[in-house]
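Chemist: As they're listed, the protein sequences go chains A and B.
Just so we're aligned: the first sequence equals residues 1 to 483 in this note's numbering.
Just so we're aligned: the second sequence equals residues 484 to 1525 in this note's numbering.
Hint data in this document are derived by calculation from the structure and do not stem from the laboratory.
Where is the CB? At the ideal position from N, CA and C, for every residue including glycine.
Any given hint might turn out to be false.
Stated by the list, open to error - Result set (DSBU-like, lysine-lysine): computed pairs, CA atoms no more than 30 Å apart in a straight line:
| id | chain 1 | residue 1 | chain 2 | residue 2 |
| --- | --- | --- | --- | --- |
| 1 | B | Lys844 | B | Lys948 |
| 2 | B | Lys847 | B | Lys598 |
| 3 | B | Lys847 | A | Lys129 |
| 4 | A | Lys128 | B | Lys1097 |
| 5 | B | Lys721 | B | Lys1372 |
| 6 | A | Lys128 | A | Lys255 |
Unchecked claim - A partial selection of chain B residues facing chain A, derived with a Cβ cut-off under 7 Å:
| id | residue |
| --- | --- |
| 7 | Met839 |
| 8 | Ser1090 |
| 9 | Phe1152 |
| 10 | Gly1155 |
| 11 | Asn1222 |
| 12 | Ile1228 |
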Amino acid sequence: MNKLNKILIATGLAGLSLTSCKRDVDLFPAPTNTISDLTAYDTRDRIEGNVRSIYASIKNSGMYGGRYQIFNDIRGGDFNNERTNVVTGFDVWQYTPTNNSTNSVQNHWSQAYYVINLANVFLDGMSKKGTAVVGQTLSNNFIAEARFLRAMSYYSLLQFYCRPFADGNGSKPGVPLRLTPNTGSGNYALARATVAQVYAQILEDLNFAETNVPLSYANATLNTTRAHRNTVIAFKTRVYLSMGQWNNVITEANKIVSANAPFAAASGVVHTMQANVRTPYTNFTTTESILSMPFAANEQPGTQNQLGFYYGPAALNGGSGEYSLIGTGIIADANWKATDARRGFIQTSGGKSWLMKYTIPSTFIDWAPVIRYPEVMLNLAEALAETATGVDARAVALLNAVRQRSDATTTFAPTTKAELISLILNERRIELLGEGFAGADLTRRLQPLPAKASVASVPSTSQQYIWPIPANELLLNPLMTDN
Amino acid sequence: MYMRRLLTLMVSMLLFFASSVFAQNKTVTGKVTDEKGVPVAGASVQAGKVGTTTGADGTFTLSVPANTKQLRVTYVGFESTSVSIGTSPMSIVLASEDKSLSEVVVVGYGTQRKKDYTGNTASIKGSAVANRPVQSFDQALGGRAAGVQVNIPSGVLNAAPVIRVRGINSLSLSSVPLFVIDGVPTFTGDFSGTNAAANPLAAINPNDIESIDIAKDAAATAIYGSRAANGVVFVTTKKGSRGKAKVSYDGWIGWNQPFGLPKLLDAFQYTELKNEALRNANAFSATNQFRLTNGPDGQPINTDWYDVVYRTGMMHNNAVSVSGGNESTQYYMSVGYTEQEGILRRNDFKRLGILMNVDHKANKYISMGAKLQYTNSMNLASQSSGSLPGEAFNTTGLGRVPMITAPNVAPYNNDGTYNLAGNLIGVMGNLVGQVGFSNPVVGFDLNRSNSEINQMQSNLYIQAKPFEFLTLKSTYALDYVYVDNELYQHPLSNEGFSTNGFAQSWYNKTKRWVWTNTAQFSKSFKKHNVSALIGVEQQKTEFIGFGLSRQNVNDPAFTNIQGGWTTPNTAGLGISDNYLYSEFASANYNFDRKYFIAANIRRDGASQLGANSKFGTFYGISGGWEISEENFWKQSFFGKTFSSFKIRGSYGKVGNISGLGNYASLSQFTSGLYGGAGTVAFAQAGNNNLGWETSTKTDFGVNFGVLNNRITAELAYYKNNVNGLILNVPQPPSAGLPNAIATNIGSLYNEGFEYLISADVVRGKNFTWRASINGAYNHNEVTSLAPGITQILTATSGLESVNITRPGYSIGQLFVTRTAGVDPATGRRIFVNGAGRQVFFQHVAPAGQARFMFADGTTAPAVGSQDAVVYGNTIPRWTGGFDNTFRYKQFELNVLFTYQLGYNIYFGSNAGLRDQRFWNNSTDVLARWQKAGDVTEIPRLIFGDNISNGSSFPLDVNVFNGNFLKLRGMTFAYNLPAKYADKLKISTARFYVAGNNLAIFSKYPGPDPEVSSNGNTPGAPGVDRNTIANARSITVGLNIGF
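The shape of chain A in the complex, shown without the other chains:
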C-alpha cells in the first residue's frame, strides 16, 4: 500500500468519525429566525413580545386594524359601494355575505379565534413558566392584557355572527367559548355558547384586566397602543352598551368621565377630547385616543385592509375609492352645519363625497382608531338618557360637549327623552363616522339595516341581519350550527 492510499484511507476515516458527531446536530435543526416553543417564555422580553403579538394579531388581517371598522361602517346607511368587489366587502355592504365569503365571514372568524388562541396559549405559557420568570405582578399585568384582547375578539365575533343581546336577552346562540390553549392536532368539536355566556366571559376577562393592567405607561404611544386601566373601562362601557345594560355603562363610564365639563378622566391616563377634532387624526397619540392600532412604514396595514385605501379616492389620497358617502346619508343632515369642523373630513371628488379622516397616501398608514374619548362620552350620554325618566341634563351636556368642540354655534336643548336619544345616536353617526360603529349601533338596538342604492332594508328578524357561520367551521366542527 503506497503512501497516497494511506493518506486517503486516514482522511476517509477521520471524515467519517467527524460527521457522525455532527449528524445529530444537523438532523435536529434550530431555526435562527424563529423561536422554539420550548423557549418562548424564557425571558421577560420574550414574554412581553408574546403580549405584543396578541396586539399585533388583533390589529392585523382585518380585525381592529381596519376591517372590523369598515365592515361595521358599511353595514350602516352612510357609505356607498363603488367597486362591486367582494374582496373589499361588496357582499357585506349589500348584506349578503355567505358561509363561503372568504374575505369577510371566514377571515374575521379565523383571525378572531387566532387572537383568542394566542391569548389562551399565552395564559398557559405564563402559568407553566412565564410567571416564574417575571414575577407575579408583571405576570398579572401581561395576563390582564391578554385577557383584555381575548375579550375584544369575542366582542367582535358577537357583533357579526350572533343575534344581538337585546334579542332574547342573550339567550340566542353565541360562539364557541374557547379558553384553553390549542397547540397541535386534536378533537376540537365544540358547540356554541349562548350570547349571554360569551358576554359573561368577556366581562370576566375585562374585570380581571381592569384591576391588573397598569394605570398608565411610560409614554403617550404606549398609552394609546397598550391597554391600561382606563382602556379597559372604556371598552367595558361599549360592551355594556351593546348589552343594553345602561346602569353598568354609567357605573363604568363614571370611573373615567368627570361629572361636569370639561369632561376628562380623573385618574390614570387623563383622557379627554382635544380642542380640535382634526388633531387625533394627525397626532395619533393624544389623550383623546384611548386605543388605536399603530401603523408605520415598516408596519403596514396590509393590502386592502387600510382605512385610507377604502375611503379615499385616487384623486384625494391615492386610495382605491372603494366606498363614497351616500348623498342622502348622514351628510345630508341639515343640522350638521357646514361650519362644523367635522364637515372638513368630507371632501368631494368626481361628483362624489368622500370621508377623508385617513389622509396618508399609500402606504395608508393612518392609525386605526378603536376607542376615542368622545365615544365613551356618548356611551355615557346614551345610558344616562335611557335611564332617566325625563331629559337627563348631564347627557345633554355630554352631547353638547361633543358637538360644540366642532361646532360652537350649536347647542342642543332636547325636550323629550326620545329626542335626546335620537340626537345622541345621530351624533354618533357624525362623530364616529368611518370608525366602525354604524352596524353595531343598529343591531344592538334591533334597528333594521338601512336600504341604500339597490339594496333593500333588512329587518332585525331577517336571517340576513347577522352573518352566517363560516362554511369551514361548519365542516370541521361537527357541533357547530349555522345561523
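Please arrange chain B on chain A, whose structure you already have, making use of the hints.
Modeler: Just chain B now, with coordinates in the frame of chain A:
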C-alpha cells in the same frame, strides 16, 4: 497488501529477466480503420507488455518481441479485437461495438449493463435534447420515455415543465422526480422570485449531456430511498475519451411565435356588441356607451392587442467543446452561450456556461476526477405574464391583458403619450368608466421583473482500487445557486401607480454540499457474477435570502433600490437549512447472465421530519430471468422467434419529502412588530410525528427482441401505492391554530402499464428508418383523505376553485356547475342547480322577474359554486410518443409525435373571453342570442354579466376534452460526406432545420392543451386560465467537428 507488492515485484523481475534474456525484436506496422475505412486515431495497440496508440491517420509502428503472435487493438465504441501478426503493414478493421452489450444504465452510484439490469429505467440519449429551442433539457423530454409525461406549462421562457413519472404521486408535496446530475441530487422548480421564471435545470447546457436515465420502479429508485417516490432522473454529462483533442462547434439560430390564440372581436364588433349589452341591461344612454375613437391617421382605432403583447422572438445558441485525453487523463471542456427571446415582449433568456470534466488515473490504484460547472443565466421580464402558478388573475397578466382590453382604444394617445387614466388604460372616446386594466406598453417600456442566476455545480472524487474487485470512492460535490431578483415598477405603470413607484431587490443563496463515500465490490466466480455496494452520504442545504423593498420614489429618475425613495422595508428575508444523512447498500447477483437478482436498501434521516420520526428505511428488490439463454427455449419455437426474452419484476418501498418545508415539523414562534416594538407570536403548530410519504411500488415486465433484435419491446405493468400522504390537515377555524398541521394521512395509488417498441423498420444500404413508439396507460385514484376532510379544493391562483380531490376519484377532478344551454325563447342561461333542477338566469331582470328563476317562473335560489359537481378527470389516461428517424444517404429526418388522451381541461380563459363586463370577447360571441327562437350557446348579452359564462364560478361549458396529437419536434439534417469534410480539414459537419410544436391535432379550442396555469401544483392540473400560449419555434443549425 505486502504480499501483493511482493508478488508484483517478483513477476516484474521475472519478466525483466525474460525480456533481457530473449530480447530479439521485430517491428510491426499497420493501419486501424473502422468498417467504413475511416482511420481510427488514438486506438490502443498492445502486444503483451508493449503497446502504442495509432496516429491521426490510424497508423502505428510497434516494436515487439520476435515471438509475439497476437496484437490486441482496443478503442472506445468499438469491439476490442485480437489479430494475428501478419505481414506489415497490417490492415486492421475495428467493428462497432454491439450496442446491446455496451449499453449501460445509470443507476444510483454507478452504472450497470442494460442486459443485466432488472429495474425499470428509460434511457434517453443526450442528442435527443441537444440543439433544441429550449432553455432546459427537461423541456425536451416529452414523448421520449414511456410513462414519463412532460408538459410545457406556458410560453414563458424557462418555466419548469410539468413532469410526472407514472402519474401524480403526492397531493401537497412535490410530484416532480428527483434529478441527479453526475451523481449529485440537484434542485428543481422555479428559483426566480419575480415574474420571470427560472428553472435551475437550465444551468446545464443541453449540448453537454451524454445521457438521461429515468428510473421508474422501486428497484431502480430505491437507492435514493426517501426521495424516490416520484422517480429519479439521472443526468450524465459528457466526459473525455482517449485520443487527440476533438473540437466541436454547435450553433443555431431560430425564432419563436405564438400560435392558436383565440380570435377576438375587432373595434367595430366590440363597440357594437358592448352597446347591445348595455341596451339589454337598460344602461345605454347618451352618457353611457361605447364609442370608436379616431387615431392619428383619422381612422377609427382598431388595436390588435395580441400584436402589442406578443412578438416573433429571435434566438441563437453557440457552444464549443473540446474533449480528448491520453491513457491516464481525459477531459471534456465546453463553453456555451445562448440568447433567446420569448413570444412575450421583454421576456428573454440568456445563458453563459462553462463545463469541465476531468478524469485522471494516478496509478494502478488511485484515480481521481473533477467536474467544474459555472453558469450565469438571465431570466428577464417586464411584468407578470399571468401564466406562472399564482398569477392567473393578475390584472396586469400578459396572457389576459390582450384578451380583455378593448380593441377600440390604443396604447398611445394621438399625441404619442401613454393612454392612461390613473392606474388603468384610458377609455379614449368611450363613455364608460373602464375599458381595460393595465396599459401593457407602459410596463414594456418602463418596468423590470428580472432574475439573474449564478449556479455552480462542481464535484471532486478520488477513487482507490486496492484490489481488482474492490473500488472505494469518495465524492464531494457542491451545488450553489445564487439568485438576484430585481423588480421595478414605474409610478406611471399599473403596478407602480398606487405606491408611486416600487423597487425591490432581493438576493437568495441556496448552497448544497453532498459528500458520498462508497465501496463497490464486483467479482465473477465462474458463472456467478456478484456486485455489491455500500455507502454513506450526507447532504446539507442552506438557504439565505435578504433584500430591500422601496416605495414612493423621490424622483422618477430613480429606477432601482439604490435611488432615493421614502420607504426602506425588508424583502425576501429567509434563512433555513436541511440535512439528509443516508446509509445505503445494494447487491446484484446473476448466474450465467440467465438468472438475475438485485436488492437495494437505504436508510435516510431527514432534518425536516418530526423529532420522533427522523429515520426511515427504504428498499427495493428485483429479479429477472433471461429465458432466451435457456437451452430448452433456444431449441423451441420461441427460441427461433425471439432473439431475446427476459422476464423481470420488482417490489419495494420508497419515500417522498420533496417540497416539505425545512422546519415543517417544528412548533415555532415568529417575530414581528407592534407599535415599533418586537413581538413573539405563536405562528406554527408542529408535529413531532411527521414522517415520510411512502410509496410501495410493484413492477412486472418482459423485454424481448425478435428478428435478431431488429424489433425490441419492453412491456411493464406497475402499481404504486402511496400511503401516509402529508396533508396540512385543517382544524376548525375556531380552534385558533395558526396553521393547518402537516400530518401523514391519506393514500392514493397509480396503476398502469407501459410499452416501448423500437424497430429498424428499414435497414437498406442508403435508406434506413428507425421507429420507436412508447406509451403508457395510467389510472390514478385517491383512496383516503383525513377524517373530517371529505374533499380538497385546490384554487387556481387563490381565487377560482375548479379542482377537487375526493376519495374514489383521481386527483384534481374538475368541479363545475352544470348548465343546460341557452333558453331559445328568452336567451337566458340555463343552469342546473345542485338538486338537478333547471334555473334560468338573466343578469338584469325586468320588473316582476327575478334574476334566477325556475322554468315555472318562480324565484330560484341563486346558483353558484355550491351547485358544482365532480365533472371529469384532468390527468391524461394515455400518454406517449412516436419517434421516427429516417436516413437517406447523408440526409436525416427525425419526427417526434406526442399524444395525451382521455382527460379534460378547464379552459378558464374562455369565461373571460365571454364575460359581459367591459372585457373584449372572442368572436364566438357574435353568435349570441338575439331574438326568440335563436338556438345558440351564447346567452343574450347583458352588460355586467359575469355569471352566465363562468367568470363568477366555474361552468361545465368551459370544460373541454384535451385529447391531442402533437408534432412536437421535427429535424431535417444533412451530414457532409467525409470526402468533402476532409477537404475542409474538418471531421464532421451537419446542417439542420428543426421545428418545435409544428402542429397540433386536437379539438381543444384554447391555444394549447398542454398548458397548465398551476404549473407543478399536484392538486390542480388541467387548468388553462389566462395562460399565454406555447411557442412554435423554427431553428436552423450547424454542428462542426474538428
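Chemist: Can the restraint linking lysine 128 of chain A and lysine 1097 of chain B be considered satisfied, given a maximum Cα separation of 30 Å?
Modeler: Roughly 29 Å separates the two Cα atoms, so the pair holds.
Chemist: Given the hint that lysine 128 of chain A pairs with lysine 255 of chain A, test it: the Cα-Cα distance must not exceed 30 Å.
Modeler: With Cα atoms ~35 Å apart, lysine 128 of chain A and lysine 255 of chain A exceed 30 Å; violated.
Chemist: For lysine 847 of chain B and lysine 598 of chain B, compute the direct alpha-carbon distance and say whether it is at most 30 Å.
Modeler: holds, 29 Å
Chemist: Quickly compare the C-alpha distance for lysine 721 of chain B and lysine 1372 of chain B to 30 Å and report which way the hint goes.
Modeler: Measuring from Cα to Cα gives roughly 28 Å; hence the hint holds.
Chemist: Do the alpha carbons of lysine 844 of chain B and lysine 948 of chain B lie within 30 Å of each other, as the hint requires?
Modeler: Roughly 11 Å separates the two Cα atoms, so the pair holds.
Chemist: Quick one, is the glycine 1155 of chain B hint okay against chain A at 7 Å, beta carbons?
Modeler: holds, 6 Å
Chemist: For the hint on asparagine 1222 of chain B, just tell me whether its beta-carbon gets within less than 7 Å of chain A.
Modeler: Violated. Min distance 10 Å.
Chemist: Taking the least C-beta to C-beta distance, is isoleucine 1228 of chain B closer than 7 Å to chain A?
Modeler: violated, 10 Å
Chemist: Was the hint right that serine 1090 of chain B lines chain A, CB cutoff 7 Å?
Modeler: holds, 5 Å
Chemist: Given a cut of 7 Å on the nearest C-beta pair, is the interface hint for phenylalanine 1152 of chain B held or broken against chain A?
Modeler: holds, 4 Å
Chemist: Take a quick look at whether lysine 847 of chain B and lysine 129 of chain A sit within 30 Å of each other, Cα to Cα.
Modeler: Roughly 66 Å between the alpha carbons, so the hint for lysine 847 of chain B and lysine 129 of chain A is violated.
Chemist: Would you check whether methionine 839 of chain B satisfies its interface hint, that is, whether its CB is within less than 7 Å of any CB in chain A?
Modeler: violated, 23 Å
Consistency note: the structure conflicts with the earlier hints numbered 3, 6, 7, 11, 12.
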